[in-house]
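2 protein chains.
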Amino acid sequence: MHILCSDLEGVFVPEIWINVAHKTGIEALKLTTRDISDYDVLMKKRLSIMAEHNLKLSDIQAVIKQMEPLEGAFEFLKWIRERYQIIIVSDTFVEFAGPLMEKLNWPTLFCNSLTVAQDGMINGYNLRQNDGKRKTTAALKSLNFRVVAFGDSYNDISMLKEADAAFLFRPPENVTDEFPEIPWTETYDGLKTFIKEATAE
Amino acid sequence: MHILCSDLEGVFVPEIWINVAHKTGIEALKLTTRDISDYDVLMKKRLSIMAEHNLKLSDIQAVIKQMEPLEGAFEFLKWIRERYQIIIVSDTFVEFAGPLMEKLNWPTLFCNSLTVAQDGMINGYNLRQNDGKRKTTAALKSLNFRVVAFGDSYNDISMLKEADAAFLFRPPENVTDEFPEIPWTETYDGLKTFIKEATAE
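From first to last, the protein sequence lines stand for chains A and B.
In short: position in the first sequence from 1, add 430, done, that's our numbering.
In short: position in the second sequence from 1, add 430, done, that's our numbering.
Just so you know, these hints were derived from the structure itself, not from any lab.
Check before you lean on any hint, since a few could be wrong.
The list makes no distinction among identical chains, and a pair is therefore deemed to hold if it is satisfied within one copy or across any two copies.
[To be verified] Calculated lysine-lysine pairs in the DSSO-like style (CA-CA distance at most 30 Å, straight line): (1) Lys571 / Lys591; (2) Lys591 / Lys508; (3) Lys508 / Lys622; (4) Lys508 / Lys495; (5) Lys474 / Lys486; (6) Lys453 / Lys626; (7) Lys626 / Lys475; (8) Lys533 / Lys495.
Since this is a predicted model, take the numbers as computed values, not measurements.
Only chain A is shown next, with the shape it has when bound in the complex (with noise of 0.2 Å):
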């Protein structure tokens, strides 16, 4: 039996942070994996800008509240749950992710966790685990099912190669360059097609 594993932001959802950054206009909340490479140095960054321009959790939430899953993304999701389990595995905080969850109507998703002060303000975050997606997808064939995973960029890659069959989705030029064996698609009804493809018995 077939269990489908997948990236949410960038596969179903805009870049979370990145659209934080240009509605609340402060430029400094764009920097990502790519500018400073340490995770736990970028979300310190992170969590002390947010500091000093005193954005509480709700603030964050209510610019999140006005963000879109991607065009498409709500269909092409409904049309996994109806044939599909999937499971959606990220690196983003559950406190950040529930309004667009809600907008892809809850599908089950894996991720991290924010701590709030009394206040409302974020002063910490729970990692669930290093490489988590990797493990995720190890954890799901462990329970004898054959993964069928697909992302985005190199934050995915782990879990692509664990998978049983990887796909890419829109992913950057160095990333199908560096990994030219992984298949990769620009469209949803791509993605449809190799997933029926990986899915045939």
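Knowing the structure of chain A, use the given hints to seat chain B on it.
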């Protein structure tokens, strides 16, 4: 971070085989593991009864389509999904569960599958693994989730014992007698209270 792990039949939807027996008028399909304790023998018996009555998968699905989730189950599951992640783990078959999953808004379901012949007759079944409920719970724990599990009967006990917190929903008296250490409730509100207590940080 917490995750919920739950049984399906008796918790969110009625017992599927009992309803199929009732609606097809085939009494012999009412047999459960209480009557034939070996699941493989029981399933082969069910499949031979279906063949005898020339019942195809589509006939069973037509019956299941008339079934509804238990009263209040939709709202309870919606309440859960707005607050937590949940994996429903069941001994049923994905081909049977579909119509009921649609009515529950497609929660994630880990279960088994059927082998269906060209003519639509069910000619076999595939157990993904033995003791799948417990193994799913253990796999989620390996992903650093704290698992809160609930189910209604004997076949849930190994899952409940493996979980970090566990409850019974509308259990038969012999189960509560045998496992008095597991809290139980007759209502979804009771489960909500248990879940809130178990997930309070």
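Checklist line | Structure versus earlier hints, numbers of those that do not hold, lowest first | finding: 6, 7
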